[in-house]
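Undergrad: So you can see what is in the structure, the chains are spelled out below.
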Amino acid sequence: MEKELKYVDMVEQPISMHPKKFALWLFIVSVVMVFAGWTSAFIVRQAEGNWLDYDLPQIFWVTSGIVILSSISLHWAYISAKKDNFIQLRLGMSLAMILGVCFLIGQWFSWKALVASEVFFVGNPAGSFLYVLTGMHAVHLISGLIFLIIVLISTFRYKVHSKAMNTFEMATTYWHFLGALWIYLFMFLLLNH
Amino acid sequence: MATATVANHDSASHDHHDHEHHDNFVTKYIFTQDHKMIGKQFLITGMFWALIGGFLSILFRLQLGFPEMDLSFLRPLLGGWIDEAGKLDPTFYLALVTMHGTIMVFFVLTAGLSGTFSNYLIPLQIGARDMASGFMNMLSYWFFFVSGVIMFISLFIKTGPAGGGWVVYPPLSALEQAIPGSGLGMTLWLVAMTFFIASSLLGGINYITTVINLRTKGMSFSRLPLTIWAFFLTAVIGLLSFPVLFAAALLLVFDRSFGTSFYLSDIYIGGEALPNTGGSPVLYQHLFWFFGHPEVYIVLLPALGITSEVIATNSRKPIFGYKAMIISMLGITILSFIVWAHHMFVSGMNPFLGSIFMFLTLIIAVPSAVKVFNYLTTLWRGNLIFTPAMLFSIGLVSFFISGGLTGIFLGNSAIDIQLHDTYFVVAHFHLVMGSASFFGLMAGVYHWFPKMFGRMMDAKLGYIHFWLTFTGVYLVFFPMHYIGIAGFPRRYYSWTNFEFANMYTDLNMFVSVAAIITFTAQFIFIFNFFYSMYRGRKATLNPWRSNTLEWTTPLHPGHGNWPGEIPTVYRWPYDYSKPGAEEDFIPQTVPLSATPESNLPHEQELVKLELEIMKEDEEVLVANESKH
Ligand code: HEM
Ligand SMILES: [Cu+2]
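As you go down the protein sequences, you meet chains F and H in turn. Numbering-wise (the numbering used here), the first sequence opens with residue 1 and increments by one. Numbering-wise (the numbering used here), the second sequence opens with residue 1 and increments by one.
Calculated directly from the structure, the hints in this document are not laboratory data. No experiment lies behind these values; they were computed from the predicted model shown. C-beta atoms are modelled at their ideal positions from N, C-alpha and C, and glycine is treated no differently. Careful: at least some of the hints might be erroneous.
[Unchecked claim] So the derived list for chain H, only partly shown, Cβ under 8 Å to chain F, looks like this: (1) S133; (2) G134; (3) I208; (4) S261; (5) F262.
[As the list claims (entries may be wrong)] If you anchor each label on the Cβ, the simulated ranges turn out as follows: (6) H/S222 / F/A164: 34 to 40 Å; (7) F/I28 / H/Y29: 31 to 37 Å; (8) H/L621 / F/M165: 27 to 33 Å; (9) F/G65 / H/M349: 40 to 46 Å.
[To be verified] Calculated from the model, a selection of chain H residues having no Cβ within reach of chain F, i.e. all distances over 12 Å: (10) L245; (11) V296; (12) R490.
Kindly generate the complete structure, drawing on both the sequences and the hints.
TA: Pasting the structure below:
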């Protein structure tokens, strides 16, 4: 039996950043560490020799372009949301998501190209690493897509507007991060194969 | 029924939409989002696992101390793992060691320690209503719970639980043909650990966000209790290291289930070569220990934080070197990421690299020594009050010294050639990590029990528990140094085939008996804990006369912690026995302007500033009240 308690909050709390946004950044840090783990393992393993040499699929250039375009569209959506232009907001988001799906399809074709040049998931770790890096990046990208879909639905309920940008900003942060992560992985692979 | 009106502290919306909050049994005790209850859930679950983990160690100690013993009486429990002649199955011995290590390191000293005290104390000591996200916090506990259920099930499957040691090195852990435990048992281990990693990350993200964003007014980083600093840095280490364990484990999953060769190469089984080529088991060790060494500090730092708090309070003295404590914890945090290869000196790694890691490893002794020095100087000439929590904290310092010294030997790559994988290592880490952290956990429970349950634990039983455990730990682990130097390898089922081992039969027997007594002594604690929960003496609001914020809450704080305003903080938490002050402690909530008699010159200057801020606050408050 507890007493009836009335809790009242002070208006001001020393809050430096929206806690959920901050948590998202921490989550991004942990994703960075996962990929840092794999790319370091890649380098360590490569240094030991017995490393299959193969050409990276050319389609990576295309998918990298797509990922950049996708981020640009989302940024356009972001600017539109700040101006409360809902048509452009939804257009920009949809475009970003369609480009995201195109990216995934492109990555799938890169796997086909790898198989065609006899680089398999099961075999020399040089190939296996490539599949793990691209595959796990794709898994994260799908989670980003789901996040965007949820936000897109909420735009139809007018929950996203210039005064309520938090969730949308989190989705864009995550999406840009995933784009940047791919560019990093691609650069890494270009420099280390 | 607790009916509390909890104001929402979403920073985005500063308005006050108070909502009624009716708890039923399920939302109060099971799927609770109250950090205090979640902390208790972690504690009780951790205690459950400690008993299981301890019991497993007794089983293998029986085998080591009494190799000829007839273990048939264990058959009702272990079934087929005890053979016709009453002997323990050798592969099951390995499974026992593996499960003991996994359970103790992860479930007891990571989840049971960080999970309990970070959850319980962070909001209470920084002055917050709850964690940044109560939902994520709840998820964190339930992921841990699921992880535990899976690990528990793996104990009972036909092929036995994982048997490759808590470090699960491939190829042993990667190939089903290697030992029975590497089949389904290992799969369950990996699934359980995935849940565990998710749980730790959810918890850690919450701890960091809360400490950074939800501190009450006046609670600057330079006024944080050292407990909070420790929990905060622990969470940072976890955030950076657990993902790497996940990365390592996923590659292991691919090797086990999809036929890749990240860690496997040129392996022959029954004369037949496996198809895997090109993998590197050393790669796994690098990834694992990049996580594994920081993990040992994840286990230790919270215990050190608790110790700082308990020792300062019960010495009635400010902690010696507050800033030095923080800097050395920061140093440990950073250094813990660049010493991992000291676990791999004899793995075939480049010896030059070994020298570099030896150098870095020895540097970590410096911040560790600073901390020990500061504990001792805090105790020095203090008005010591020997509560059970204080005794356990002093015990921790003792183990940290005796176990840390052996670390310096192990850190020398040349000496480690002799000592690696012997009982010397077992002695080292059971003192410095196992026992020290366990004592930190106990100190925390004895110290914060009155806050958790509103009643006191029995001190006499606490003393008996302490002395039995303290002497027990040394009796168990000290002789292991000698056994290790003599060359006994760890994780061996039996040494009866080695001539030299005969000399040490008695010593091993002695260790086993001591282990059984020490384990039994823990039931005194279990009894004390549950008895005091219902029958203990009613606690006063601030039984240890402590300065930190948690003691300003009601005896049974509701969800939201403080009725009315969250208190503002005006000073650091270690104003004990301040010259001139009336009492020998000044809580953090007492303004400097209220204690002119004890203020130091620079504090006197702050008084003016403080008065101005308080006036402003008053205005806000009045405006606030009129809105209601
Ligand atoms: C003075 C500081 C320390 C030094 C120089 C040091 C050094 C070492 C070295 C070189 C090893 C590897 C021994 C071997 O396997 O051959 C080792 C093992 C270990 N250390 Fe320490 N250590 C120190 C402090 C600590 C602390 C504070 C903890 C935990 C809180 C800890 C936990 C462990 C554990 C768990 C192992 C064994 C892991 C295993 O193989 O299962 N050490 N230490
Ligand atoms: Cu280490």
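Undergrad: Would you mind marking each hint as holding or not holding in the structure?
TA: Structure-based check of each hint:
With its C-beta approaching chain F no nearer than about 7 Å, H/S133 sits inside the 8 Å limit, and its interface hint holds. This hint is violated: H/G134 has a C-beta 11 Å from the nearest C-beta of chain F, more than the 8 Å allowed. A distance limit of 8 Å between C-beta atoms decides the matter here; for H/I208 the minimum to chain F is near 6 Å, and the interface restraint holds. For H/S261, the suggested interface contact is upheld, since its CB lies about 6 Å from the closest CB of chain F, less than 8 Å.
With a cut of 8 Å, the hint placing H/F262 at the interface with chain F holds, because the nearest CB-to-CB distance is about 5 Å. Distance hint check: the CB atoms of H/S222 and F/A164 are about 36 Å apart, consistent with the given range 34 to 40 Å. Checked against the hint of 31 to 37 Å, the C-beta distance between F/I28 and H/Y29 comes to roughly 34 Å, which is consistent with it. With their beta carbons about 31 Å apart, H/L621 and F/M165 fall inside the hinted range of 27 to 33 Å.
In this structure, F/G65 and H/M349 meet the distance hint of 40 to 46 Å, their C-beta atoms being roughly 41 Å apart. At roughly 9 Å, the least C-beta separation between H/L245 and chain F is not larger than 12 Å, which violates its mark as non-interface. Remark: the non-interface label on H/V296 is consistent with the geometry, its nearest Cβ contact in chain F lying 18 Å away (cut-off 12 Å). For H/R490, the shortest C-beta to C-beta distance to chain F comes to about 27 Å, beyond the 12 Å cut-off, and the non-interface label holds.
When each numbered hint is compared with the structure, violations occur for hints 2 and 10.
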